Amino acid sequence: MNSSRVASPLRTIVAHELRTLRREGTFSTLLGIFSAVTLFAVFIGWSTRSTTLAIYAATVATLKAAGVSHIAPNPLLGVSTLAIFNNLIIYTLLVGALLAIVIGHRSFVRDRKSGVVPLLLSRPAGRPLYIAGKLCGINVALLLVILGMFVVSALSTLFIPALHLSGGEFLSLAAFYAVSFVYLTFFAAIGLLFGVYMSNESLALLAPVLVWIAVVFILPELSTGQNPVSLLNPVTLAHAPAASGAFFSSARAILSPFSFGQDYTALALHFLRISPGPFDIGAILALAAAGVVAGAACVFALQKYSTTADQIA
Amino acid sequence: MTSPTLTIAKKEYRDSARSALFITLAGFMVLLTTVSILVASFNFQAEVAQYNAALSQLTAAQRAGAVIPPPSYYPLLMLRGTIEYLEIIGAVLAIVLGYLAVAKEKGTNTSRLLLTRPVSRTALVGGKILGTSLLILTLLALLEGFIALSITAIGHVAFSTVEMLKLTLSFAYTYFYLLFFFCFSAALTLFFKDLPRALLLSFALWLVFVLIIPQIGDTMDPDNQVPGGFFASMHTTQDQQSVIIAQFQNYENFRNALEVSSIEKHYERLVFATLGIKGMYNDKSLSYIMGDKWPDLALLMALYVVGVGAAFLFASNKRIMASSP
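Line by line, the protein sequences are chains A and B. Residues 1 to 313 (our numbering) make up the first sequence, in order. Residues 314 to 638 (our numbering) make up the second sequence, in order.
Just chain A, same shape as in the assembly:
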């Protein structure tokens, strides 16, 4: 079989996935939600920063009136301008991952419910190609949404007074979105995986949500000692010292290959220049590997999939 004959069914499946996402309104809903979330995060970030700057001015005036001669320099001067996007890290971690799970979940469950899976799998294209097409379609949709978020972020900076990003900062922002995309592909694949693997629709949706809870809350808590809610504050995440003691050191060593949530947060904090830490190439490799492994698991699950027990409850 030559490559053009292989590529053609793949293109068809990808195009069909994208067309379905567009027709169902999923794509426009996603784009709308993510654009709104981006604008909201930028507004919150800008409003907090400008208020804190005004509070600094008021603090200086109060201290001078009290006769204090030595006043500390503005602590915000050391904080990157890109930090106004810091809430986006948490929204991608929470909203983005859940939406990616839902897209992945619906992609296969939709076909199962409409009863077309046995027919599709009887075609000569083959199961791996079918699942690869689904994954590519979902990832292209996610990539377009992420590009939309980047454009909204870039445009929003034009309307914020006294916020001028340099070329380097734009590149950092783009790198942040690239990492966010890689993070989301893992959850889309996990959503698809359970859609293939489980016969109960609600369980198939709940299972990846439990994986998400483990990735976002449990693993980071075990390796950092931070409480669940503290894990949702970017400033705390960036500057909290690593928990000491043999338990946390061992937990970090054992769990680090699975801590995708922490890898994503560390990279995002680095690219938004909030964290003082160096760029960790291992973290980006781990994140990408997680997506690839989840994708491979989808292929494996579909190979084992029985078309005679195709009904979903």
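The hints are simulated quantities; they were obtained by calculation from the structure and are not laboratory data. Small disclaimer: the values here were computed from a predicted structure and weren't measured. Some hints here could point you the wrong way.
Sample of chain A residues with no beta-carbon within 12 Å of chain B, all distances over it, derived [stated by the list, open to error]:
hint : residue
1    : V37
2    : L165
3    : A178
If you only want the chain B side, here are some residues facing chain A, beta carbon under 7 Å, derived [claimed, not checked]:
hint : residue
4    : F355
5    : N356
6    : G394
7    : K417
8    : L524
9    : M533
10   : V539
11   : M547
12   : Q553
13   : Q560
14   : Y564
15   : E565
Once the Cα atoms are required to be at most 25 Å apart in a straight line, the calculated SDA-like pairs of lysine to any residue come out as [to be verified]:
hint : chain 1 : residue 1 : chain 2 : residue 2
16   : B       : K323      : B       : L626
17   : B       : K417      : A       : S202
18   : B       : K506      : A       : E201
19   : A       : K64       : B       : T549
20   : A       : K304      : A       : R22
21   : A       : K113      : B       : L514
22   : B       : K417      : B       : S446
23   : B       : K417      : B       : S332
24   : B       : K419      : A       : M198
25   : B       : K324      : A       : N200
26   : B       : K591      : B       : F544
27   : B       : K323      : B       : A339
28   : A       : K64       : B       : V556
29   : B       : K324      : B       : L482
30   : B       : K506      : A       : R22
31   : B       : K417      : A       : R110
32   : A       : K113      : A       : C136
33   : B       : K419      : B       : P431
34   : B       : K506      : A       : T26
35   : A       : K64       : B       : K417
36   : B       : K597      : B       : V573
37   : B       : K591      : B       : P431
38   : A       : K304      : A       : S166
39   : B       : K506      : A       : M198
40   : B       : K506      : A       : S199
We put the beta carbon where it would ideally sit given N, CA and C, even for glycine.
Please build the complex by placing chain B on the supplied structure of chain A, with the hints as guidance.
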């Protein structure tokens, strides 16, 4: 003869307790409780180790007279993580129970048959709420027993009567919080024909009200913008800080309005005060805490009543029988 409400309640309890979803989520909740207690105990051990190291350094430097306050052990403070998990994952458990309670009946032949019997819709909804209430209370009682035993085993100090009372009261508040999410999810599942859409919308609203809104209030806090705190870095006194913040009252009001729009924040404030996790309430009497925190309790109860009311309101024959094609 048993009333229809009690019969439905018993069936609901049995069905939910046996469902794979409930067993998975309840098991997950026990795992999270174990993790959070373990993490809290290891954090405390690290604090004690730091104290002992500092003490040895001072002794070696022959400054035995220098005073370092030793870390104080309050068993209820070990529960911060557990309460945060109940806020987040407990709410997911309640949403799934609410969804299941309605989804398993909606549009099925059983519900059609049931509605031909002399069973009122009030008895049907009331039975489901009663059954789930008993299930949630059983789970919370088991969790409380597990917490009391594990903390006693780890800390080698048993809970005092007052501490046990505070813990029980906190779990009673948790029941109202969880039942709000149960009723709210059941009401949405009754309202929508498309069941997965109802579940998804319940999760979306959970995300907004439990995770995002409280997080915004926290990240908008000017003092949280700088590691170690903005005002600490400026070396201001508490009085100066109050004067400065008073000049930004609109901003603070907006931030507070965001926080209080979430049921999670009221529950958290109430339970953190009761357990003494919020420093100013540690070791305070229950009457003192209640005198301060009654508005949060009142709001929690009001939202509970609204949730229960919504479940009754949407329980029409048409909605119970309707389901997606």
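Cross-check of the supplied hints:
{"no.": "1", "hint": "V37", "result": "violated, 9 Å"}
{"no.": "2", "hint": "L165", "result": "holds, 19 Å"}
{"no.": "3", "hint": "A178", "result": "holds, 24 Å"}
{"no.": "4", "hint": "F355", "result": "holds, 4 Å"}
{"no.": "5", "hint": "N356", "result": "holds, 5 Å"}
{"no.": "6", "hint": "G394", "result": "holds, 5 Å"}
{"no.": "7", "hint": "K417", "result": "violated, 10 Å"}
{"no.": "8", "hint": "L524", "result": "holds, 5 Å"}
{"no.": "9", "hint": "M533", "result": "holds, 5 Å"}
{"no.": "10", "hint": "V539", "result": "holds, 4 Å"}
{"no.": "11", "hint": "M547", "result": "holds, 5 Å"}
{"no.": "12", "hint": "Q553", "result": "holds, 5 Å"}
{"no.": "13", "hint": "Q560", "result": "holds, 5 Å"}
{"no.": "14", "hint": "Y564", "result": "holds, 5 Å"}
{"no.": "15", "hint": "E565", "result": "violated, 9 Å"}
{"no.": "16", "hint": "K323(B) with L626(B)", "result": "holds, 23 Å"}
{"no.": "17", "hint": "K417(B) with S202(A)", "result": "holds, 11 Å"}
{"no.": "18", "hint": "K506(B) with E201(A)", "result": "holds, 16 Å"}
{"no.": "19", "hint": "K64(A) with T549(B)", "result": "holds, 11 Å"}
{"no.": "20", "hint": "K304(A) with R22(A)", "result": "violated, 30 Å"}
{"no.": "21", "hint": "K113(A) with L514(B)", "result": "holds, 20 Å"}
{"no.": "22", "hint": "K417(B) with S446(B)", "result": "holds, 18 Å"}
{"no.": "23", "hint": "K417(B) with S332(B)", "result": "holds, 11 Å"}
{"no.": "24", "hint": "K419(B) with M198(A)", "result": "holds, 22 Å"}
{"no.": "25", "hint": "K324(B) with N200(A)", "result": "holds, 22 Å"}
{"no.": "26", "hint": "K591(B) with F544(B)", "result": "holds, 20 Å"}
{"no.": "27", "hint": "K323(B) with A339(B)", "result": "holds, 19 Å"}
{"no.": "28", "hint": "K64(A) with V556(B)", "result": "holds, 14 Å"}
{"no.": "29", "hint": "K324(B) with L482(B)", "result": "violated, 28 Å"}
{"no.": "30", "hint": "K506(B) with R22(A)", "result": "holds, 22 Å"}
{"no.": "31", "hint": "K417(B) with R110(A)", "result": "holds, 20 Å"}
{"no.": "32", "hint": "K113(A) with C136(A)", "result": "holds, 21 Å"}
{"no.": "33", "hint": "K419(B) with P431(B)", "result": "holds, 18 Å"}
{"no.": "34", "hint": "K506(B) with T26(A)", "result": "holds, 18 Å"}
{"no.": "35", "hint": "K64(A) with K417(B)", "result": "violated, 68 Å"}
{"no.": "36", "hint": "K597(B) with V573(B)", "result": "holds, 24 Å"}
{"no.": "37", "hint": "K591(B) with P431(B)", "result": "violated, 51 Å"}
{"no.": "38", "hint": "K304(A) with S166(A)", "result": "violated, 51 Å"}
{"no.": "39", "hint": "K506(B) with M198(A)", "result": "holds, 23 Å"}
{"no.": "40", "hint": "K506(B) with S199(A)", "result": "holds, 21 Å"}
Going through the hint list in order, the structure does not satisfy hints 1, 7, 15, 20, 29, 35, 37 and 38.
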